[in-house]
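Enquirer: If you want the building blocks of each chain, they are given just below.
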Amino acid sequence: DTGVSQDPRHKITKRGQNVTFRCDPISEHNRLYWYRQTLGQGPEFLTYFQNEAQLEKSRLLSDRFSAERPKGSFSTLEIQRTEQGDSAMYLCASSFQQNTGELFFGEGSRLTVL
Amino acid sequence: KQEVTQIPAALSVPEGENLVLNCSFTDSAIYNLQWFRQDPGKGLTSLLLIQSSQREQTSGRLNASLDKSSGRSTLYIAASQPGDSATYLCAVASGSRLTFGEGTQLTVNP
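These protein sequence lines are chains A and B, in that order.
At position 47 of the first sequence the residue is numbered 47 (the numbering used here), and the sequence of numbers has no breaks.
Whatever position you read off the second sequence (first residue = 1), add 1000 for the numbering used here.
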């Protein structure tokens, strides 16, 4: 399968714990995006990378959130000291910059903070 | 700030009907517009992408149009089937990010 893969698919944690999500993009894609989606809403942009460089971050990405893409391949999104308001679906997408700009999404990682 | 609105929020139709989903956006300076499908608890599946210089795109029973000057797009689904039941999301690309609408939840009844 050469699609975008995310892990874990589901994570239940207690408030105050740290969680980390991983995203493996389509192999030839150099752009990687993170979005957050709450129930009944459309996804909201969090951040994106071109290769290993993090080029843009949303104001939604508080200082408890950190994203990395160390070798320009997979990416991780870490949330420290989780709060109940962090409960959401975290979606990863990738695209090839020189192409049409079409984004391809993974299945998402659903976070529930108790 | 780009804002995207989708109407209606929900739609229920009998199988076989043709239907239109609407999307409007406030800033016409877009790079492209993409329609997605989302099944409950799942990620997004790309359906159609229209570049800002294009007027429409077709894939099978789906046809999407774009009128950039008026800030509107429509997704036309022909001969709807129960398997088309899902949430349909419109997203516009402005610079490096996509701005999404809240989606239209479609139910096609057998």
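No lab work stands behind these hints, which were simulated from the structure alone.
The beta-carbon is built from N, C-alpha and C at its ideal position, and this holds for glycine as well.
Be careful, since some hints might not be right.
[Stated by the list, open to error] Among the chain A residues that face chain B by a calculated CB cut under 8 Å, a handful are: (1) 41; (2) 102; (3) 103; (4) 105.
[Stated by the list, open to error] Residues from chain A that keep clear of chain B, each with C-beta distances beyond 10 Å, as calculated: (5) 7; (6) 11; (7) 19; (8) 71; (9) 76.
Enquirer: It remains to establish, for every hint, whether it holds in the given structure.
Expert: Status of the hints after comparison with the structure:
1. 41: At about 6 Å, which falls below the 8 Å cut-off, the nearest Cβ of chain B leaves the hint on residue 41 (chain A) intact, so it holds.
2. 102: 5 Å, holds
3. 103: 6 Å, holds
4. 105: 4 Å, holds
5. 7: 13 Å, holds
6. 11: Non-interface label stands for residue 11 (chain A): nearest chain B Cβ at 14 Å, farther than 10 Å.
7. 19: 18 Å, holds
8. 71: 21 Å, holds
9. 76: For residue 76 (chain A), whose nearest Cβ neighbour in chain B is about 18 Å away, the distance exceeds 10 Å, so it holds.
Checked against the numbered hints above, the structure violates none of them.
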